[in-house]
Amino acid sequence: DAGVIQSPRHEVTEMGQEVTLRCKPISGHDYLFWYRQTMMRGLELLIYFNNNVPIDDSGMPEDRFSAKMPNASFSTLKIQPSEPRDSAVYFCASSPSTGSGTQYFGPGTRLTVL
Amino acid sequence: DAKTTQPNSMESNEEEPVHLPCNHSTISGTDYIHWYRQLPSQGPEYVIHGLTSNVNNRMASLAIAEDRKSSTLILHRATLRDAAVYYCILTLPGSGNTGKLIFGQGTTLQVKP
Chain A
1 DAGVIQSPRH EVTEMGQEVT LRCKPISGHD YLFWYRQTMM RGLELLIYFN NNVPIDDSGM
61 PEDRFSAKMP NASFSTLKIQ PSEPRDSAVY FCASSPSTGS GTQYFGPGTR LTVL
Chain B
1001 DAKTTQPNSM ESNEEEPVHL PCNHSTISGT DYIHWYRQLP SQGPEYVIHG LTSNVNNRMA
1061 SLAIAEDRKS STLILHRATL RDAAVYYCIL TLPGSGNTGK LIFGQGTTLQ VKP
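For the record, the sequence lines run as chains A and B. Numbering of the first sequence is given in the numbering used here, commencing with residue 1 and proceeding in unit increments. Numbering of the second sequence is given in the numbering used here, commencing with residue 1001 and proceeding in unit increments.
Check the hints yourself; a few may be wrong.
To be verified - Below, computed lysine to any residue pairings styled on SDA-like, alpha-carbon distance capped at 25 Å:
1) Lys-68/A / Glu-18/A
2) Lys-1003/B / Met-40/A
3) Lys-24/A / Ile-1102/B
4) Lys-1112/B / Lys-1069/B
5) Lys-24/A / Glu-1045/B
6) Lys-24/A / Phe-1103/B
7) Lys-1003/B / Met-60/A
8) Lys-68/A / Glu-11/A
9) Lys-78/A / Pro-61/A
10) Lys-1003/B / Lys-24/A
None of these hints come from the bench; they were simulated from the model.
Build the full structure now, drawing on both the sequences and the hints.
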């Protein structure tokens, strides 16, 4: 199994530009999570989906952030417009619906907004 | 929300056992105790989890106190590759079968050669 796949691994953009981060969960996993990690705030859960439906988006910081999951094998996190304070590492994780809820994380996307 | 308390940092010598403590005095009866670790420049990685009984796997052992208010992650022989941030996390009830993971600051483990 290839594990959770994220792209791009690194993204550098200018303030005001639209940024789209992509995630492919592990096949067969019903849950997908988006996290953000910064030095100041640590790892924060932004949003999670169950069977492609957003369940809890209370961690999404602002309306500039949006996430979609059009099918079971693909999700996007979009920031429009981006700001320097959005610079962080964004992780995607997936989890099966059975068991204790162990989550499997991707390698992350390091976003730098200039 | 049930919270965990961990030391900010710990040191160990290579090839020696490491005991990483975690306090979770407000744990509920349905909460699982999960441990994840994050190696430098990588995403968090599952280590082990348990509910009431002690658990062993190829990576580590988890010792859970009888009252479940604390637990200890045990690395039997630390290697340099085990240098990471270790997170002790309780899954929140009411989130379906998959608990939301709330990450604290974790314990930064340094392993000396």
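Hints, one by one, checked against the model:
no.	hint	verdict
1	Lys-68/A / Glu-18/A	15 Å, holds
2	Lys-1003/B / Met-40/A	19 Å, holds
3	Lys-24/A / Ile-1102/B	22 Å, holds
4	Lys-1112/B / Lys-1069/B	30 Å, violated
5	Lys-24/A / Glu-1045/B	17 Å, holds
6	Lys-24/A / Phe-1103/B	23 Å, holds
7	Lys-1003/B / Met-60/A	21 Å, holds
8	Lys-68/A / Glu-11/A	19 Å, holds
9	Lys-78/A / Pro-61/A	12 Å, holds
10	Lys-1003/B / Lys-24/A	30 Å, violated
Going through the hint list in order, the structure does not satisfy hints 4, 10.
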